[in-house]
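Which chain is which? The protein sequence lines are A and B, in order.
Counted from 1, the first sequence has number 78 at position 78 by my numbering; the numbering is strictly sequential.
Counted from 1, the second sequence has number 333 at position 333 by my numbering; the numbering is strictly sequential.
Keep in mind the hints are simulated off the structure, nothing from the lab.
A few of these clues could be false.
[Claimed, not checked] Not close to chain A: a few residues of chain B, all C-beta gaps over 12 angstroms, as computed:
| # | residue |
| --- | --- |
| 1 | 43 |
| 2 | 104 |
| 3 | 165 |
| 4 | 377 |
[What the hints assert, rightly or not] Derived coverage of chain B by chain A (criterion: at least 3 residues anywhere in the stretch with Cβ under 8 angstroms from a Cβ of chain A; other residues may be distant):
| # | stretch |
| --- | --- |
| 5 | 204-218 |
| 6 | 305-312 |
[Said to hold, decoys possible] Derived contacts from chain B toward chain A, CB cut-off under 8 angstroms, selection only:
| # | residue |
| --- | --- |
| 7 | 49 |
| 8 | 124 |
| 9 | 141 |
| 10 | 142 |
Even for Gly, the Cβ is constructed at its ideal location relative to N, Cα and C.
2 protein chains.
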Amino acid sequence: MLSPEACRSRRERLWKLVPEEVDWILLSDPKHLTYLANWRPSPFEFRSDQAEAVLILGRQGSSTLVADNLLEPYAQYVAADEVLTPTWYRGQAAAPDRGLFLIRNTLDQLRSRTGSRFGIEAGRLPAGIGEGLRQLRQSLEYTDISAFLRQMRRSKDADEVELLRRSARACVAGFAAAALAIEPGMTEFDLYLLVQSAAQEALGAQAMLYGDFASGPRCTTGGPPTHRQLEPGDPVLLDFSVVLWNYRADLARTFICGTEPSARQLEVHGACVEALAAGENLLRAGTRCEDLDRAVRSVLEKHGLGAFHRGHLGHGIGLGHPEPPFIVPESTEVLAAGDVVTLEPGAYIPGEFGLRIERNYIIGPAGFEPLSQHEVGLALHEY
Amino acid sequence: MLSPEACRSRRERLWKLVPEEVDWILLSDPKHLTYLANWRPSPFEFRSDQAEAVLILGRQGSSTLVADNLLEPYAQYVAADEVLTPTWYRGQAAAPDRGLFLIRNTLDQLRSRTGSRFGIEAGRLPAGIGEGLRQLRQSLEYTDISAFLRQMRRSKDADEVELLRRSARACVAGFAAAALAIEPGMTEFDLYLLVQSAAQEALGAQAMLYGDFASGPRCTTGGPPTHRQLEPGDPVLLDFSVVLWNYRADLARTFICGTEPSARQLEVHGACVEALAAGENLLRAGTRCEDLDRAVRSVLEKHGLGAFHRGHLGHGIGLGHPEPPFIVPESTEVLAAGDVVTLEPGAYIPGEFGLRIERNYIIGPAGFEPLSQHEVGLALHEY
C-alpha cells in the first residue's frame with residue numbers, strides 16, 4: 001500500500017512539472033495509477049482480467065478514477081477524490097467489451113469538463129479516448145507527459161521505499177529457502193517452485209515472482225528455470241524480483257551445489273565482491289553513472305574478467321525493471337538522493353561457469369542505505 | 001503454443017469480417033498478438049516488464065510484428081512474416097521510454113505503406129500511434145474492429161482447445177494436491193501455495209494461477225486466500241485458473257475439511273450436481289443461453305436454494321475471463337459449435353456455508369466434450 005498523502009503529494013509534483021497550459025491529465029498505465037492513486041487490482045483474481053482504468057486529474061487538484069463494478073473491491077484503497085465503478089457486468093446480461101466500456105465512461109466524464117488541453121501518456125492511453133475526445137472538443141491539444149512521470153519516478157518516497165524493502169525481504173526469504181534446499185538431483189524448476197512459495201510465505205501475500213533460475217553451464221546466460229538437474233559443484237544463479245503492489249526489488253545470489261566452491265569459483269566470486277564494494281564506495285548523490293559503471297567494471301577487468309561481463313552493471317528499480325538511472329558505460333545520468341538502484345557484478349565464462357551477485361541501495365546525499373542485508377557468499381552453509 | 005497455420009487462418013478469417021475499405025489492421029492487445037501471431041512474452045522474465053508490441057496486418061496477407069531487442073527470445077515462436085526487434089536497450093546507454101520507443105518504430109513502419117484506412121482496437125492501441133498516424137496521413141480513417149475479434153474468439157480452434165485442456169489438467173492437479181493436503185489447522189494461504197506449486201509442476205512450466213481459495217464462512221463470498229485456519233467440517237472452496245500461453249480453463253471444487261460431509265452439505269452439494277447435469281443436458285449448438293441458465297437455476301430453486309445463488313451460472317472461457325457467451329438470465333446469445341464454456345452452479349447460504357462446483361465444456365453440434373474429467377464430489381478421499 002502507498003500512502004494517500006504521498007499519492008496526493010506526487011500528483012502535486014506532477015502538476016508542477018507539466019506545461020502550464022495543460023488543463024487535464026489522463027493516465028491509464030496501471031503502474032501510474034498505483035503511483036498516483038494507490039490503485040492496484042490484484043492479478044490473482046478473475047475480476048482483474050482485461051481490467052483497465054483511467055485516472056483523470058484536474059489542474060485544480062481534482063482526481064477521478066474511472067473503473068467498473070467488478071473492480072469495486074479495490075476502490076477502498078484508492079487515494080483519489082472519487083472512484084467511479086459503473087456496472088460492466090453483474091451476471092444478469094452479457095457483458096460488453098470491457099475496454100470499450102471504459103472508454104465510453106471516461107468520455108462521459110470528460111464531456112462536461114471545460115478545457116481542451118490534455119496531458120496524456122502517448123504510449124499507454126487507449127486510442128479510443130484520444131479519438132473520442134476529438135469529437136467532443138473543437139480545439140484539442142495533446143501533450144505527452146511520459147517524460148515527467150519518468151523523471152519523478154526516480155526519486156522514491158518513503159512509502160515506495162517501504163514496499164521495496166518488503167519486496168527485498170521476500171527475495172531474501174527465497175534465498176534462505178534455496179540455501180536449505182539446494183542439492184544434487186533437484187531441478188531448477190523444483191528450486192523455482194520452492195523459492196516462489198517461500199517468498200510469498202515470507203510476504204504473507206500472493207505475489208508475482210520472476211527472474212533467473214539457472215544452474216551449471218546455464219549460469220553463463222541465465223534465464224527462467226528448466227528441468228535440468230543440479231550436479232555437484234554446479235553454480236546455481238538466483239536473480240529474481242518479487243512484485244509487491246507493483247513495486248519490485250531485484251536481488252541475486254549464486255550458490256555452489258553440494259560441494260565446497262572450487263578455487264576458480266572463489267576467485268571469480270571474490271572479484272565480484274570486490275567489484276560490488278568498489279561500486280558501493282561511490283554510491284551517493286552526485287556520482288556520475290558512467291563513473292560508477294567504470295569503477296565496478298574495472299575491478300572485473302583487473303581480475304581478467306572484463307571480457308566475461310555482459311549487459312548492465314546496475315540500474316534503477318521501483319515500478320519498472322529496468323528503469324532510470326542506468327549504470328552503464330555511456331550513461332549521462334547522475335545519481336540523485338532518492339534513487340533506488342541495483343548493482344549486479346557478474347562474470348559469465350563460456351564453457352566454464354557463470355555467477356552474479358546483486359544488492360539494492362537507496363541513494364542519499366552522502367552515501368547509501370542498503371535495501372536489504374543479505375549475504376552474497378557462495379556457500380550454502382552461510383544460512 | 002498455438003499453431004502457425006491456425007494463426008494464419010485466424011488472420012484470414014479476421015480480414016473476411018472487417019469492412020472492405022480497411023487497408024491495415026493494427027493490434028496491440030497482448031491476447032490478440034498471441035491469438036493471431038503466437039506472440040507471448042513470458043511474464044516470468046524481467047525483459048517483459050512494460051513490454052508491448054504491435055502487429056501490423058495488411059489486407060494482402062502481410063504480417064509484421066514490431067517489438068524490441070529485449071523481446072528477441074520470444075521472436076522464434078512468432079507466426080508472422082517478419083518480427084522487428086530494434087534495439088531499445090543493450091546495457092550500454094540509458095534506455096528510453098519503452099512505450100514511446102515502440103510508437104516511434106511502429107510509425108516508421110507505417111510511413112512507407114500506402115493506404116489510409118486503419119482497423120484498430122480502440123480500447124487498446126496506444127493513443128500515440130493514433131495521433132502519430134494523423135500526422136503521416138492527410139486523410140485517415142479509423143475503424144474499431146474489437147467486435148470482430150470478440151466474435152471470432154468464441155469459436156475455439158484445435159490449437160486453442162489443446163492449451164485449454166492442458167490448463168484444465170493443471171487445475172485438476174491442483175485439486176488432487178489439495179485433496180491430499182487439506183486438514184484442520186492449515187491456512188487458506190498454505191493451501192494456495194501448495195496448489196500453485198502442484199499446478200505448475202503438473203504443467204512442467206511457470207504459470208500464473210488466480211482464483212478463489214476460501215474456507216468456512218468465507219465460502220459464502222469466495223475470494224483470494226487469507227490466513228484463516230481451516231476447521232473440521234469447513235467447506236473449502238477452490239475455484240481457480242491456470243494461465244497457459246494466455247489461455248485459461250476455470251474449474252471449481254469444494255471439499256469438506258477433516259470430517260465426513262454433513263447431511264446439509266450433502267443436500268446442497270447434491271442439488272449442485274443435479275443442476276450441473278441439467279445444464280450438461282442442454283450443452284449443444286443451438287441452445288439459447290437464457291434457457292441453459294434457466295435449466296441450471298431451476299434445479300437450485302427446486303431445492304430451495306434459488307435465493308442462495310448469485311452471479312452467473314456460466315460463461316465462455318479462453319483468452320479472457322469471463323468472455324462470451326454469457327450463461328445468464330438475460331443473455332440473448334445462443335451456443336455455437338466451438339464455444340468453450342464453464343458451468344458453475346453453487347449455493348452461498350449466509351451464516352451457514354457456501355459451495356460451488358464447476359466444469360468446462362467444448363460445445364459441438366449435438367452435444368459437448370468435457371475439457372477435463374475431474375470429479376466434483378465433496379469428500380477428500382475421492383482421490
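Hint-by-hint comparison with the structure:
1. Against the 12 angstroms criterion, residue 43 of chain B falls within the reach of chain A, whose nearest CB is about 7 angstroms from its own CB.
2. In this structure residue 104 of chain B is not separated from chain A by more than 12 angstroms, as the shortest Cβ-Cβ distance comes to only about 10 angstroms.
3. Look at residue 165 of chain B: its CB is around 20 angstroms from the nearest CB on chain A, clear of 12 angstroms, so calling it non-interface holds up.
4. Listed as outside the interface, residue 377 of chain B is consistent with that label: its C-beta sits roughly 24 angstroms from the nearest C-beta of chain A, beyond the 12 angstroms cut-off.
5. Coverage of the stretch 204-218 of chain B by chain A holds [criterion: at least 3 residues with CB-CB distance below 8 angstroms; count 6].
6. Only when three residues or more bring their CB closer than 8 angstroms to a CB of chain A does the claim for the stretch 305-312 of chain B stand; here the count is 3, and the claim holds.
7. A cut of 8 angstroms between beta carbons decides the hint on residue 49 of chain B: the least distance to chain A is about 4 angstroms, and the hint holds.
8. For residue 124 of chain B, the interface hint holds, since its Cβ comes within 8 angstroms of a Cβ in chain A; the closest pair sits about 6 angstroms apart.
9. The restraint placing residue 141 of chain B at the interface with chain A is violated, with a minimum CB-CB distance near 11 angstroms, outside the 8 angstroms limit.
10. At its closest, the beta carbon of residue 142 of chain B sits 6 angstroms from a beta carbon of chain A; the interface hint therefore holds under the 8 angstroms criterion.
In summary, the structure is inconsistent with hints 1, 2 and 9 from the numbered list given earlier, while agreeing with the others.
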